[in-house]
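There are 2 protein chains.
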Amino acid sequence: MNVNATMEPTLPLRKGEVLPPCGKADLTRWIALSRVPGLGCVNFKKLAEHFDDPTVAFSAPAEALAKIQGLDPNVIDGLHRFSAWAEMEAEVRRAENAAIKIVPFTDPIYPARLRLIADPPPFLYVKGEIRDQDERAVAVVGSRSASDYGRRVARDLCRGLASLGFTVVSGMARGIDGAAHEAALHAGGRTLAVLGSGVDRAYPREHEKLYQRISESGAVISEFPLGTGPVAFNFPVRNRLISGLSLGVVVVEATEKSGSLITASLASEQGREVFAVPGEAGASRSRGTHRLIRQGAKLVETVNDIVEEIAPQLSALAQNAESAPGRALPQHLADEFQKIFALFQERSLQIDEVIERSGCSPSRVSEILLELELLGYVKQLPGKKYRVEG
Amino acid sequence: MNVNATMEPTLPLRKGEVLPPCGKADLTRWIALSRVPGLGCVNFKKLAEHFDDPTVAFSAPAEALAKIQGLDPNVIDGLHRFSAWAEMEAEVRRAENAAIKIVPFTDPIYPARLRLIADPPPFLYVKGEIRDQDERAVAVVGSRSASDYGRRVARDLCRGLASLGFTVVSGMARGIDGAAHEAALHAGGRTLAVLGSGVDRAYPREHEKLYQRISESGAVISEFPLGTGPVAFNFPVRNRLISGLSLGVVVVEATEKSGSLITASLASEQGREVFAVPGEAGASRSRGTHRLIRQGAKLVETVNDIVEEIAPQLSALAQNAESAPGRALPQHLADEFQKIFALFQERSLQIDEVIERSGCSPSRVSEILLELELLGYVKQLPGKKYRVEG
Chain A
0 MNVNATMEPT
10 LPLRKGEVLP
20 PCGKADLTRW
30 IALSRVPGLG
40 CVNFKKLAEH
50 FDDPTVAFSA
60 PAEALAKIQG
70 LDPNVIDGLH
80 RFSAWAEMEA
90 EVRRAENAAI
100 KIVPFTDPIY
110 PARLRLIADP
120 PPFLYVKGEI
130 RDQDERAVAV
140 VGSRSASDYG
150 RRVARDLCRG
160 LASLGFTVVS
170 GMARGIDGAA
180 HEAALHAGGR
190 TLAVLGSGVD
200 RAYPREHEKL
210 YQRISESGAV
220 ISEFPLGTGP
230 VAFNFPVRNR
240 LISGLSLGVV
250 VVEATEKSGS
260 LITASLASEQ
270 GREVFAVPGE
280 AGASRSRGTH
290 RLIRQGAKLV
300 ETVNDIVEEI
310 APQLSALAQN
320 AESAPGRALP
330 QHLADEFQKI
340 FALFQERSLQ
350 IDEVIERSGC
360 SPSRVSEILL
370 ELELLGYVKQ
380 LPGKKYRVEG
Chain B
0 MNVNATMEPT
10 LPLRKGEVLP
20 PCGKADLTRW
30 IALSRVPGLG
40 CVNFKKLAEH
50 FDDPTVAFSA
60 PAEALAKIQG
70 LDPNVIDGLH
80 RFSAWAEMEA
90 EVRRAENAAI
100 KIVPFTDPIY
110 PARLRLIADP
120 PPFLYVKGEI
130 RDQDERAVAV
140 VGSRSASDYG
150 RRVARDLCRG
160 LASLGFTVVS
170 GMARGIDGAA
180 HEAALHAGGR
190 TLAVLGSGVD
200 RAYPREHEKL
210 YQRISESGAV
220 ISEFPLGTGP
230 VAFNFPVRNR
240 LISGLSLGVV
250 VVEATEKSGS
260 LITASLASEQ
270 GREVFAVPGE
280 AGASRSRGTH
290 RLIRQGAKLV
300 ETVNDIVEEI
310 APQLSALAQN
320 AESAPGRALP
330 QHLADEFQKI
340 FALFQERSLQ
350 IDEVIERSGC
360 SPSRVSEILL
370 ELELLGYVKQ
380 LPGKKYRVEG
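Respectively, the protein sequence lines represent chains A and B. If you're matching positions, the first sequence starts at 0 in numbering that gives the first Met the number 0 and goes up one per residue. If you're matching positions, the second sequence starts at 0 in numbering that gives the first Met the number 0 and goes up one per residue.
What the hints contain is simulated information worked out from the structure, not anything from laboratory work. Note that the coordinates shown come from a computational prediction; the quantities given were computed from them, not determined experimentally. It is possible that some hints are incorrect.
Since copy identity is lost for identical chains, a pair holds within one copy or between any two.
Stated by the list, open to error - Capping the alpha-carbon separation at 30 Å, the derived lysine-lysine pairs in DSS-like fashion look like this:
{"id": "1", "residue 1": "K297", "residue 2": "K256"}
{"id": "2", "residue 1": "K256", "residue 2": "K383"}
{"id": "3", "residue 1": "K100", "residue 2": "K45"}
{"id": "4", "residue 1": "K383", "residue 2": "K338"}
{"id": "5", "residue 1": "K100", "residue 2": "K208"}
Make the full structure from the sequences, and use the hints.
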């Protein structure tokens, strides 16, 4: 296979300045980047920091590769000897036939926050659709053997997150994960499921319908080759994507040996907020969350506890977006939010005017304005006045 | 009344270097110190820091009093004008008739830790007996309207604390406080009840039997005059004694407006450890404890969480005590502890020898040795050897 190396000077990737979408031939090179012996995701990140298009590494001279700081020298040999191109082409066809997208690191669709972790996968298999709004994502995870209490809290939090326009990220496992996805879908919100198996199979089988619904109203994501089974080793690896995609990770229930504690620890290493839901003293499924709280995780009772903590990041996101007075709220915010936000399009308003015009109760208006402020859509001015942020 | 001023040079009070117990005439002066208009507990502390015997202030020259840094100048006048000596004598007689001790600040019985707070009462009314071992005290408090869960946790923690030789301090209120005293008594441990009313009346009335039992196996304590009713204002004032007597305060359940949050906040100001028991998200009686945890209180599931945190203070206590190899454990430690501790009297032992000689299971021996180490009675040496601390 002929690979054209274009070693132009590189620039860090910024939103809107990504490479054009790949053709099929290019996709084989992206998949190959994940199969070169010795070239893991950390080495891949080094290539991605060096080249605009990391796939040029296959044809880059050894001396040029040797200059990349921190790159494992064995990788250079691996890159140049790689020859399994026919297999790569077969994988591309297989994905195409199953309506699965292959989303390379340089694609505008590849989640911006995931690009920043130390070991991002070179590409993602995506069944469904990742959208810009999925930048505002919060992960909600927990025990497979959840209690009724745990499932109820997961549902309440995810309903709340969805109604505030957040995308709920989880692992599609039994228990808390399943309840989290279900609640987000039920509230008309978006949800991303990150699998420890190939994205072409629903695992666990009892979540086959959930898998379908997530791929229709969100996305099922994996970095593992199509057909990969749910091997135990994959799950901790997968967990770094759950946290990597999210502003914060909420652990709802976890025994002392739960995989959710790994997700929390990865989240912390990645600089993500870690949240944990308390339970009764002595409840085995709350031992893990209590440990997290002792280690500094924020204790969560309601969705407000989450929003308050990630508010600074939300403001930063809102400022990065093309924000101007009059811009629209995400469609997934509830009707009451849309109605109240619409009132501000022409001028700033006092809270009393908002109450009068909206027809909502004073306490509900206060709540919604506080949420809109925390979410970075409106700004409070002196004298209980509010205006559109931006 | 003739008051002899003995203005000898002063030394800070150390254990074993206190003044001889007071006669009746002296006691009237101690009570008077709490009744002088304008002379609150903070001003009293200034007098106590200046005079070996603060009651000499009644006859000290105004110029000498004026030199006491931070003393409110109005107090000097109040001291010199005080004339209600007959009432004071009546109060002493009333206490005597009700078998209530009046324990002045300088009495060896007055709790050493309480002497250190910024506003200690000049004396305590004590129904029952305060002992040296009550230095190892932990307060357990919470909602009057406790849930079954809260009462169960209070009982479990207090049973554990009592079996480790700790004195349980609480406020004898309905709910958590009552459950805490009951559990300590039931485990054969010591308990102190600090009242917001006079120590001569059981409040609430339904705790009359509990009041009797506490005064027989511990002490009921108050700083309020005999006959004082349970005035709302007294309770926050009383709460500083609950925390002041204790190494740490455990809040088991608390609504958002609970008085237990005041106790926690006073504990924190006094440099005491603050502990809080989690509950389910959404449980109104856990809102207060969750708030404490968010503010930095240590989350408590079992008695070990408490002991671990106060272990450094326990070691300090053990070092202050006359500790020598061979000293005895407090009687209230369970038989298993006594049996294992007795093995170390002659020489240090390896854990395997302890297991063999004690006849206890290896896991139980490990647990007990860990507790004894945390409590400051044994010391671990290299090679899993243990010896008596001291």
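Going down the list of hints, with the structure as the test:
1. K297 - K256: Both: 20 Å inside a chain and 22 Å across chains, each within 30 Å.
2. K256 - K383: Between copies, since 27 Å is at most 30 Å while 49 Å is not.
3. K100 - K45: Answer is within; shortest intra-copy Cα gap is 24 Å, inter-copy 77 Å.
4. K383 - K338: Only inside one copy: K383 and K338 sit 19 Å apart there, 69 Å across copies, limit 30 Å.
5. K100 - K208: This pair counts as within: shortest intra-copy Cα distance 20 Å, inter-copy 74 Å.
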